[in-house]
Amino acid sequence: MHRADDPALLAALAEATAGALAEAEVRLPGDVEQAIRAAHGRERNPVAKGELGNILENIALAGKGRTLLCQDTGIPVIYLTIPPDIPYTRALEEAVARGVRLATERIPLRPNAVDPCTRKNTGDNTGPGIPPVHVQPGDRLTVTVLPKGAGSENVSRVGMLLPTRTAGVEQFVVETVALAGGRPCPPVILGVGIGSTFDGVAALAKEALLLPVDAMDPFEQRLCGAVNSLGIGPMGLGGDTTALAVKVKRAACHTASLPVAVNVQCWAARRATRIVEGWK
Amino acid sequence: MKVTELRTPLGEEILSLRAGDRVTLSGTVYTARDEAHLRMQEGGIPFDPRGAVVYHCGPVVAGDRIVAAGPTTSARMDALTGFLLDAGVRGIIGKGGMGKGVVELLRGRAVYLAFTGGCAALAASRMRLQGVYFPELGMAEAVWAIELDRLPLVVGIDAHGNDLFGRVWDEAKAQCRGRFHSSSGITP
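Line order of the protein sequences matches chains H and W.
Residues in the first sequence are numbered from 1 upward in steps of one, following this note's numbering.
Residues in the second sequence are numbered from 1 upward in steps of one, following this note's numbering.
To be clear, the hints were calculated from the coordinates, so they are not data collected in a lab.
Backbone N, C-alpha and C fix where the C-beta goes; we use that ideal spot for every residue, glycine too.
Among the hints, a few may not be true.
Said to hold, decoys possible - Simulated restraints, written as ranges between beta carbons of each label pair: (1) W:Pro9 x H:Arg165: 55 to 65 Å; (2) H:Pro108 x W:Glu42: 24 to 34 Å; (3) H:Arg90 x W:Arg150: 45 to 55 Å; (4) H:Gly65 x W:Gly43: 35 to 45 Å; (5) W:Arg179 x H:Gly278: 52 to 62 Å; (6) W:Gly63 x H:Arg90: 37 to 47 Å; (7) H:Ala167 x W:Glu5: 47 to 57 Å; (8) H:Pro108 x W:Gln41: 50 to 60 Å; (9) W:Arg7 x H:Tyr88: 32 to 42 Å; (10) H:Pro87 x W:Gly178: 50 to 60 Å; (11) W:Arg179 x H:Val135: 34 to 44 Å; (12) H:Pro7 x W:Glu42: 49 to 59 Å.
Unchecked claim - Partial list, derived from the structure: chain H residues whose beta carbon lies under 7 Å from chain W: (13) Pro7; (14) Glu51; (15) Glu57; (16) Leu61; (17) Ile75; (18) Gln171; (19) Val174; (20) Glu175; (21) Gly182; (22) Arg183; (23) Leu230; (24) Ile232; (25) Gly236; (26) Gly238; (27) Ala268.
With the rest of the complex left out, here is chain H (with noise of 0.2 Å):
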């Protein structure tokens, strides 16, 4: 068993937090990537391919540059995992915040999170539950990070549909697509959430936006289908595709619920993952 106020360990986790910050923020995932480019490839719409055209061309002068994707860097959500021998304490996150302190001020970030009511921007991306971190056991010591967009944050949708209408489950990610329109800068990934419980729900869908998007299940495909059937197109100017992925993951949930939630992802779909070495 380690200690867990172990300086090295805290050092190494704060280290892998702001590296892998440091890549999620410049470098699209291959998977993510690949997708625009073969959406890019049939489109049909001429407007939308040029908005397409310009996206890979971000992507393309980010990574070569080593500068920002986009300048919200969002606010940075985190997944660890902890091996059996590393003891969960809070010292963990506060490592973690470290960290999003460390990446705020090397790469730099724009500094996002603020108080809620008075809006008094803390300057560093951390404060009261901020960033947060999500823990699950593993085999290594592992941080991944998904820096999340406000646009696309402001229009996802958690609800509680009846449970005899599991039709309705479709109906509400489409519903929740159409009222954003090209405020969340499609194309979009969705993360969607079914079962489990209110605040569940919502942590399902998140998790689902750390999923690949190079394969969809038929379900997930129809849903796909579904939503490129509305038109929006790249940043709602219209055209063939305004999802790029849904993804999907699920939980049972009480026989008189039906949770389901849409979290709404922005073309930049950034995230990294960093294994945090010498640490079982």
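On the provided structure of chain H, position chain W as indicated by the hints.
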């Protein structure tokens, strides 16, 4: 597809543009978000507004260099736009389009130009910093004068009442209503 090259200050040439046209814009533009609009409405516009272009953007600036400068959501400025157009502003750049009231205000005198949301690196690669007004508002809210070199844009709303964003969105909502004839069954 034809791409029209525009240069500031803009004049009558914008009247021939139609929603959906692709253009490039060169010359000076001025960034402004919520706070800058309020300040200019109360205290006056610090640059010559005749033929000017306002960019809805809160850039990341390091020294004299623009690091990231993608567009912000324009609809937040819906109620703060009339005085700029009355003063002679001919173009607005942003993302997501603007409300039906602004579509009417643009009629006969100005256009709304859409820049691809999130494309902060692409934007920065076509920009050179010229100066700043209201620096006390902070980096994101200050008015930055920026020289553009052929920034690629789409005419989102033309000067004749045609609104590409509005049309696409209305059609999507109508399609959604037609597809599902009732509400999604959210527990009453």
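Checked hints:
1. At roughly 57 Å, the beta-carbon separation of proline 9 (chain W) and arginine 165 (chain H) lies within the given 55 to 65 Å, and the hint holds.
2. Checking the proposed 24 to 34 Å range against proline 108 (chain H) and glutamate 42 (chain W) shows it holds: the Cβ atoms sit about 32 Å from each other.
3. Take arginine 90 (chain H) and arginine 150 (chain W): their Cβ atoms lie about 52 Å apart, and the range 45 to 55 Å holds.
4. A beta carbon spacing of about 37 Å between glycine 65 (chain H) and glycine 43 (chain W) agrees with the range 35 to 45 Å that was offered as a hint.
5. Taking 52 to 62 Å as the suggested C-beta distance range, the pair arginine 179 (chain W) and glycine 278 (chain H) conforms, at roughly 54 Å.
6. The beta-carbon spacing between glycine 63 (chain W) and arginine 90 (chain H), approximately 39 Å, falls within the hinted interval of 37 to 47 Å.
7. Taking the beta carbon of each, alanine 167 (chain H) and glutamate 5 (chain W) are about 51 Å apart, inside 47 to 57 Å as hinted.
8. Distance hint check: the CB atoms of proline 108 (chain H) and glutamine 41 (chain W) are about 31 Å apart, inconsistent with the given range 50 to 60 Å.
9. One distance hint, 32 to 42 Å for the beta-carbon pair arginine 7 (chain W) and tyrosine 88 (chain H), is violated here, with the actual separation near 59 Å.
10. Checked against the given bound of 50 to 60 Å, the beta carbons of proline 87 (chain H) and glycine 178 (chain W), roughly 56 Å apart, stay inside it.
11. At about 40 Å, the CB distance of arginine 179 (chain W) to valine 135 (chain H) agrees with the hint of 34 to 44 Å.
12. Against the hinted window of 49 to 59 Å, the Cβ-Cβ separation of proline 7 (chain H) and glutamate 42 (chain W) comes to about 53 Å, which satisfies the hint.
13. The interface hint given for proline 7 (chain H) is violated, since its Cβ lies 32 Å from the closest Cβ of chain W, which is over the 7 Å cut-off.
14. For glutamate 51 (chain H), the suggested interface contact is upheld, since its CB lies about 5 Å from the closest CB of chain W, less than 7 Å.
15. Annotation: glutamate 57 (chain H) was flagged as interfacial toward chain W, and the flag holds, the nearest CB pair being 5 Å apart, inside 7 Å.
16. The beta carbon of leucine 61 (chain H) comes within 4 Å of a beta carbon in chain W, closer than 7 Å, and the hint placing it at the interface holds.
17. Among the interface hints, the one on isoleucine 75 (chain H) is violated; its C-beta lies about 16 Å from the nearest C-beta in chain W, farther than the 7 Å criterion.
18. Because the closest C-beta pair between glutamine 171 (chain H) and chain W is about 4 Å apart, less than 7 Å, the hint holds.
19. A distance limit of 7 Å between C-beta atoms decides the matter here; for valine 174 (chain H) the minimum to chain W is near 6 Å, and the interface restraint holds.
20. With a least beta-carbon distance of about 6 Å to chain W, the hint placing glutamate 175 (chain H) at the interface is held under the 7 Å criterion.
21. Of the supplied interface hints, the one on glycine 182 (chain H) holds, with its beta-carbon coming within about 5 Å of a beta-carbon of chain W, less than 7 Å.
22. Below 7 Å, beta-carbon pairs count as interface contacts, and arginine 183 (chain H) has one with chain W at about 5 Å; its hint therefore holds.
23. Proximity of leucine 230 (chain H) to chain W holds as hinted, the smallest CB-CB distance being about 4 Å (cut-off 7 Å).
24. Look at isoleucine 232 (chain H): its Cβ gets to within about 5 Å of chain W, closer than 7 Å, so that hint holds up.
25. Interface restraint check: glycine 236 (chain H) against chain W, minimum CB-CB distance 5 Å, threshold 7 Å, status holds.
26. The restraint placing glycine 238 (chain H) at the interface with chain W holds, with a minimum CB-CB distance near 4 Å, inside the 7 Å limit.
27. Restraint check, alanine 268 (chain H) versus chain W: the minimum CB separation of about 5 Å is within 7 Å; hint holds.
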